[in-house]
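> In the order they appear, the protein sequences are chains W and X.
Quick note on the numbering used here: the first sequence kicks off at 1 and runs consecutively.
Quick note on the numbering used here: the second sequence kicks off at 1 and runs consecutively.
I should point out that these hints are in silico values taken from the structure, not numbers from a laboratory.
Please read these numbers as outputs of a predicted model, since none were measured by experiment.
Any given hint might turn out to be false.
Repeated chains share a single entry, so a pair holds when one copy, or any two copies, can fit it.
Only pairs whose alpha carbons sit at most 30 Å apart, straight line, appear in this in silico DSS-like list of lysine-lysine [as the list claims (entries may be wrong)]: (1) Lys-320 x Lys-261; (2) Lys-261 x Lys-202; (3) Lys-202 x Lys-320.
2 protein chains.
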Amino acid sequence: MAEGNRYWRLDSYPDGQDFASAIHLYDGPLPEIDERELLVKNLWFSLDAGTRMWFTSRTDSYMPPLPLGSPIMGFVLGRVVQSRHPGFAEGAVVRAYGQWADYSRLAPDAGNLWQVAHIADMRQHFAILGPNGWTAYVGLNEYGRVRPGETVLVSAAAGATGLLAAQFALATGCRVIGIAGGETKCARLIKEFGLTASIDYKRGDVDGQLKQAAPDGIDCYFDCVGGTLLDIVLPHMAMNGRIAICGLISTYDQKERVGPKNFDLILMKRLTVAGFFSPDFYHRGEEINRLTGPWLENGRVKMAFDVTQGLENTLVAYAKMFTGGNFGKTMVKLTE
Amino acid sequence: MAEGNRYWRLDSYPDGQDFASAIHLYDGPLPEIDERELLVKNLWFSLDAGTRMWFTSRTDSYMPPLPLGSPIMGFVLGRVVQSRHPGFAEGAVVRAYGQWADYSRLAPDAGNLWQVAHIADMRQHFAILGPNGWTAYVGLNEYGRVRPGETVLVSAAAGATGLLAAQFALATGCRVIGIAGGETKCARLIKEFGLTASIDYKRGDVDGQLKQAAPDGIDCYFDCVGGTLLDIVLPHMAMNGRIAICGLISTYDQKERVGPKNFDLILMKRLTVAGFFSPDFYHRGEEINRLTGPWLENGRVKMAFDVTQGLENTLVAYAKMFTGGNFGKTMVKLTE
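So that you can see chain W by itself, here it is in the shape it has in the complex (with noise of 0.2 Å):
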């Protein structure tokens, strides 16, 4: 293990989608780590278009700016070759929350690390039983408030998020409208994961679109995208429905702030609009996986994957989530 660790640095806060000005590679050393820590070799690294709030000197956002020169956090899934905790041996699989790098320094004691069991399976479990999944299920549950009959509408249906939100609204009884952009993943939505509708963005009439789709009105929009889109989606909200926001992706890098035209409706229809964070539930990681974990292990759940190989690929993978060029979960692969 005398080899080094390239890791991802924030050098300044990228213009637009213009990550490559701003996000560079670097060569370090292997880390040293402490007692109680570990020293994992990333296997995999998830990329989630929330961490773009990061990337912006705004104070006022749901994240703290990443300091300039900071290494980049992200969630991995690794293998422990190194331990100086007793809780994990060397070879232990674990999901956490470390660098986009070759490895990452863990500490287990500070709560965002939890051993994968289902090798086999090891990203399905990495993908449905973390933080997409658990914001999926508190989006649509506690802020949505789905019942079963109810049509629920999903932003960003091919997002990793999104996706599980989606298959959460079927499983839980729902006629389930998914937004994607282009045929083909329209298609997948259907055909792979069994949505009920599915709403080609790029197709344009996105309006026309959901009238056919939800002649009665969406009950539920779980929303990971705001923008222009949800001032589309408003009109169509049946009374008293919820719009879970998730994520604005669409508006992450604008510099003009624009409220949705038609909030007016949030009254006129009775809605509830409620924004939520996935951080805020990581502590009830393991109470959410007990109400999902089941449809994960009978089938009826599941993530596609969009893999990049290479730890030097990242910023073309992270720039496709914000032009809608992935379908499901996101991730970089660091080995062969």
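With chain W's structure known, arrange chain X on it following the hints.
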């Protein structure tokens, strides 16, 4: 009773606040009543800002447009002068959904008519145990989810519903900040109604005033106003705050729709924004009155009235509500 019945009629949809060109006073015959109906001499009727939504051709508001040529409806407090209903004797005082007129023809079986037992205090009962009170109570508790010790902000705090919301929040053990226009109103809110602080939007720098009055943020915003004020309030919301949208009075006569620029703070601060509409709770009136009635009886909650004498002066009083000219419940008095 051979006399006639003057009534206000909607002849066109008003442009902005030009009500006089659109709504006119007519002379009609005394209404004839059917079996199980009442003829009520209006003693008072109430003007409610929310009715502005009726007077538009917009079909997606929370009230269908009032058809042109219709007599204008409103809450009346009156005395039964003719009864063909076994439950109501002539001379009884009732509050009901009647007409802006000398007389109202009412059908108790329609479910929006209540007998007033406390004649001496009839206006307080009319105001607190009716729609304003129901709106304030349900909005504050079920949408605003206030808890003792929290900081509650109420806009249009000198309006009928706002004044009750502020007092209900005080009675619940909250710190209550009221927004109103002008020094006199702001002083009354504190001196007469016991509010913790008040904010004079006419003084300007509402942002600075909010910073001073709520340095730790606002847990619940009971909003009757919407528009730019809401945009100024959003950055002052505390994490996990709730915004109960009771009305959007600043936007009702706007031609262009604009949403709050700070909409994304709903996500960043994990806020819940909920619209609600008083008539949805009318059937729960008795239940709510059992909860708020004790506050009326023990004097913890009271209404202020803004009285205009004479049916013919109705529109003057109505317009005052949109320019912040009133304090408390705006009522038209029909008797000397």
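> Reference check for the pair Lys-261 and Lys-202, CA-CA at most 30 Å: within, between, both, or neither?
both (21 Å within a copy, 26 Å between copies)
> As a check of your reading, is Lys-320 near Lys-261 (CA-CA no more than 30 Å) within one copy, between copies, both or neither?
both (28 Å within a copy, 27 Å between copies)
> Can you tell me if Lys-202 and Lys-320 fall within 30 Å by alpha carbon in one copy, between copies, both or neither?
within (15 Å within a copy, 49 Å between copies)
In terms of the numbered hints stated before, the structure departs from none.
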